[in-house]
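Chemist: These protein sequences, in sequence, are chains A and B. Be aware that the first sequence starts at 1, since it is given in full-length UniProt numbering, and climbs by one per residue. Be aware that the second sequence starts at 1, since it is given in full-length UniProt numbering, and climbs by one per residue.
If you are wondering where the hints come from, they were derived from the structure by calculation, not from laboratory data. Remember, it's a predicted structure, so these values are computed and weren't measured experimentally. Don't take each hint at face value.
Unchecked claim - Listed below are the simulated EDC-like cross-link pairs for lysine to aspartate or glutamate, each with C-alpha atoms no more than 20 Å apart in a straight line:
no., chain 1, residue 1, chain 2, residue 2
1, A, Lys-99, B, Glu-224
2, A, Lys-99, A, Glu-130
3, B, Lys-214, A, Glu-90
4, A, Lys-99, B, Glu-135
5, B, Lys-177, A, Asp-171
6, A, Lys-99, A, Glu-126
7, B, Lys-177, A, Glu-90
8, B, Lys-236, B, Glu-224
9, B, Lys-236, A, Glu-115
10, A, Lys-50, B, Asp-246
11, A, Lys-50, B, Glu-224
12, B, Lys-236, A, Asp-171
13, A, Lys-81, A, Asp-67
Claimed, not checked - Examples of chain B residues lying across from chain A (beta carbon under 8 Å, computed):
no., residue
14, Ile-163
15, Pro-207
16, Gln-239
For glycine and all other residues, C-beta sits at the position ideal for the given N, C-alpha and C.
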Amino acid sequence: MMPAIEFRDVYFRYNEDAPWVLKKFNLKIKANETVAIIGHNGSGKSTIAKLANGLLVPQAGEILINDRKLTTSNVWEIRQKIGMVFQNPENQFVGTTVKDDVAFGLENRGVSRKEMIERIHTSLTEVGMEDYQNHEPHNLSGGQKQRVAIASVMATYPGILLLDEATSMLDPRGRKEILSTINDLKEELEITMVMITHDLHEITLADRVIVMNEGQIYIDTTVDQLFNDHQGLQSIGLSLPLTVELAIELEQYDYQFATYPLDNEEFLEALWTSNLKK
Amino acid sequence: MKSFMIIGQFVPGNSMVHRLDPRSKLMVIFTFVIIVFFANNSVSYGWLTLFALILILLTKLHIGYILKGITPVWFLIIFTFILHLIITKEGPVLIDIGGFAIHKGGVLQGLTISWRFFLLVLVTSLLTLTTSPMEITDAIEELLAPFKKIKVPVHELALMMSISLRFIPTLLDETEKISKAQASRGVDLRTGSIKDRVYAIVPLLVPLFISAFKRAEDLAMAMEARGYRGSEGRTKLRQLQFKKLDYMAMIIYLLIILIFFSLR
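I would like the entire structure built from these sequences, with the hints used as guidance.
Modeler: Written out as structure tokens, the structure is:
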């Protein structure tokens with residue numbers, strides 16, 4: 001199967017005397033795969049998203065979207081296939097009401113008014129915001145705004161969804177809302193999803209986890225296997241989830257874990273299976 | 001308080017005036033502003049006043065609220081009256097106070113001019129009272145559409161207006177946050193001489209501007225990511241449509257104008 005997103009030997013830096021943010025960077029993301037990209041600040045993870053939809057242009061190397069090379073002449077066409085949700089819920093809300101904001105992307109694509117109304121309804125239903133159509137942004141919580149942002153993107157049928165730290169400015173409740181929305185989308189639709197985050201708790205939704213460090217892929221693995229190299233993760237400045245830390249401590253007392261548990265339930269299960277084996 | 005400021009004076013409602021297409025309202029107001037200057041006798045003034053009164057009744061708004069809405073203009077209206085009272089030296093002298101004579105012509109002139117001014121403000125305030133800022137923006141975009149031919153960036157102007165409206169509450173929030181943050185660092189915004197207070201605004205404005213520029217940058221990027229590339233090939237969700245009510249209102253308005261000109 002052809003990859004949805006492919007980076008070939010990409011070099012990027014913000015200006016000439018700045019250090020390379022990405023250095024000979026290679027990445028392949030398959031279609032309909034959910035990938036989490038994590039790393040500390042300045043590891044180049046957000047840059048990947050902005051390069052993928054042509055908001056930034058690499059100094060060297062190629063970026064291919066659905067097997068087509070991204071160039072300045074087809075960037076608008078390719079951008080229609082990639083939806084992007086940004087970090088700040090406030091600064092990506094263009095419309096004066098929820099309905100207008102979802103309409104914005106559709107208006108840009110020249111979708112007819114009749115279809116627009118239908119699509120707005122379906123995509124707002126998908127994220128559970130259909131009752132807020134006429135609400136103004138200042139009456140919405142951060143999580144709700146971010147759900148509208150996802151709906152705005154989904155209404156344009158993108159095929160690829162980039163979430164650039166979409167939950168990092170939300171409170172725990174808003175974060176939960178967004179994660180369950182993302183989970184629903186993943187189950188219901190065929191979509192390639194790239195979640196960029198610095199929060200290790202969020203990666204549970206992903207099929208594959210890529211850890212970035214100094215402009216290179218540091219680890220490329222599955223969620224289950226990620227914490228096998230916990231010393232490495234900590235050495236590049238990532239903090240472990242509490243359950244993982246606890247499991248590591250317990251290992252000293254002869255407990256055994258096949259995979260490190262990521263939430264309380266998994267932890268509980270791992271604990272009693274470990275006890276049974278004793 | 002905040003939501004009151006955003007929508008300006010707009011009072012949501014379902015009266016006949018509220019339901020009119022914003023374009024009809026804009027056209028009526030615009031022509032009315034010009035027509036007021038053609039009034040030249042008490043009958044024609046009376047006719048326009050009657051029109052304004054009927055409009056107010058149709059909006060179903062409380063008259064006290066409307067008059068309160070034009071409070072800032074009262075000063076100007078009274079000032080105009082007094083100015084004409086003193087300056088115009090026509091007709092018989094009514095009162096003479098130590099060389100300052102008030103003529104009958106002055107009183108008349110003052111009354112008509114300030115009445116004209118009052119009508120103007122009253123009727124235009126009805127527009128903002130019954131039409132949401134967004135509707136006004138849409139109407140302006142539609143009405144100015146012909147000027148696109150001479151390269152007036154109508155769509156861009158309308159988009160700028162709607163984005164400004166959308167960000168007013170955001171920036172108000174921000175101002176509040178910054179003023180609290182600066183107050184906690186010892187900036188005194190509430191006491192001191194006027195000069196001190198003006199200077200105290202500087203540490204408030206600088207961070208506000210910086211953050212506004214940051215927001216603008218983010219927004220531009222988000223808009224670009226969502227495929228915005230100007231007005232070309234763009235469809236619109238918001239659509240205005242003239243209804244039966246609008247045609248009727250227009251015909252009645254035309255009749256009112258015709259009668260007005262016959263009364264002059």
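Chemist: Hints first: check each against the structure and report whether it holds.
Modeler: Hints versus structure:
| no. | hint | verdict |
| --- | --- | --- |
| 1 | A:Lys-99 x B:Glu-224 | holds, 19 Å |
| 2 | A:Lys-99 x A:Glu-130 | holds, 9 Å |
| 3 | B:Lys-214 x A:Glu-90 | holds, 12 Å |
| 4 | A:Lys-99 x B:Glu-135 | holds, 15 Å |
| 5 | B:Lys-177 x A:Asp-171 | holds, 18 Å |
| 6 | A:Lys-99 x A:Glu-126 | holds, 14 Å |
| 7 | B:Lys-177 x A:Glu-90 | holds, 15 Å |
| 8 | B:Lys-236 x B:Glu-224 | holds, 18 Å |
| 9 | B:Lys-236 x A:Glu-115 | holds, 11 Å |
| 10 | A:Lys-50 x B:Asp-246 | violated, 48 Å |
| 11 | A:Lys-50 x B:Glu-224 | holds, 11 Å |
| 12 | B:Lys-236 x A:Asp-171 | violated, 34 Å |
| 13 | A:Lys-81 x A:Asp-67 | holds, 12 Å |
| 14 | Ile-163 | holds, 7 Å |
| 15 | Pro-207 | violated, 16 Å |
| 16 | Gln-239 | holds, 7 Å |
When each numbered hint is compared with the structure, violations occur for hints 10, 12 and 15.
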